[in-house]
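Okay, here's what each chain looks like letter by letter:
Number of protein chains: 2
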Amino acid sequence: MRKIKNEELNRLSVEEFKNSDRLEALIVLDDVRSAMNVGSAFRTGDAFGIEKMYLCGITAQPPHREINKTALGAQDSVEWEHVEDIQTLVADLKKSGYKVAAIEQADESTSLLDFDPQPNEKYAFIFGNEVFGVKDELVEGADLVLEIPQFGTKHSLNISVSIGVVLWDFLTKKRLPKKRASI
Amino acid sequence: MRKIKNEELNRLSVEEFKNSDRLEALIVLDDVRSAMNVGSAFRTGDAFGIEKMYLCGITAQPPHREINKTALGAQDSVEWEHVEDIQTLVADLKKSGYKVAAIEQADESTSLLDFDPQPNEKYAFIFGNEVFGVKDELVEGADLVLEIPQFGTKHSLNISVSIGVVLWDFLTKKRLPKKRASI
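So the protein lines, in turn, are chains X and S.
Here our numbering is used: the first residue of the first sequence is 1, the next is one more, and so on.
Here our numbering is used: the first residue of the second sequence is 1001, the next is one more, and so on.
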């Protein structure tokens, strides 16, 4: 067993990436304070091939030194758009057929363990401010609220980690049945 | 639907956490340069209830200002130990019955999509330096090499995100069959 060199990784060019099969998922960041978290979201979005990222409210946008430092170029491959008012965006996404899922701890949330994405549905996953979370009105207006179950003393996963967990969970649920069937 | 207040989160006290059912997983960080990554690993380890974290080589250890800032107290709930030489640790872990899994991109790696942890096995997941990855001799000596499949232009997930993805994947594979059976 040996490690793979960078040039062997079959990395897509930005052009190939834009034309590749995508995970039917959007990341929506609303009032995310830390540019490092935005940069990490780009990198994770690139790795798992999301369709697009929306940066809402005060969320930092490229070009931005801290985003570049963390995204390591993924800010150029992942399509993104700034939308000032997230309520308008959510209404538009629903009209376009996206299921809007707020990632939050709420009284009638669905545990991510039980989340069962339907084959024909595409999802927009909303992540909120590092301290205040997803806004109350979005939690109320979302199609579903997904909660990452936590079993420890803190119950506050880092937002970058949460994005990775939610996208990986979605990817496995979307891809595994097909993959397993082909073995 | 309304957000849950902090006091409703059923967070465990540090004492309760130490006595709770744990995920049969260890995190091993080897020569991790960034104290922020170490802090995030503590927070994720707390959330998913790992047994213990090992900090090897130059990996920063508590007490450390940057770790505290990112771990938000999880450095006090997650059991940890500094071991200078990771080869000694790996040999000890194998003797204690742990399967040692290096998280790396390697020529004969197992895709995390195909990773099928056995019910009675416990695992130690090794994460390496941010730039150089897991050391070659560890990749060769590990029981298995797990690779997070990536579909984009970069192929270099942030280490904090990788830890979240690997632990969440492990947790779902360990817990879901039991959970689904009980529905």
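One or more hints might be untrue.
As the list claims (entries may be wrong) - Quick list of in silico lysine-lysine cross-link-like pairs, DSS-like style, CA-CA up to 27 Å:
hint, chain 1, residue 1, chain 2, residue 2
1, X, Lys3, S, Lys1003
2, X, Lys173, S, Lys1122
3, S, Lys1135, X, Lys69
4, X, Lys95, S, Lys1099
5, X, Lys52, X, Lys135
6, X, Lys3, S, Lys1099
7, S, Lys1173, X, Lys174
8, X, Lys99, S, Lys1122
It is worth saying that the hints were derived from the structure and are not from the lab.
Each hint, compared with the structure:
no.	hint	result
1	X:Lys3 x S:Lys1003	violated, 45 Å
2	X:Lys173 x S:Lys1122	holds, 24 Å
3	S:Lys1135 x X:Lys69	holds, 25 Å
4	X:Lys95 x S:Lys1099	violated, 48 Å
5	X:Lys52 x X:Lys135	holds, 21 Å
6	X:Lys3 x S:Lys1099	holds, 19 Å
7	S:Lys1173 x X:Lys174	holds, 15 Å
8	X:Lys99 x S:Lys1122	violated, 37 Å
Violated hints, in rising order: 1, 4 and 8; the structure is consistent with all others.
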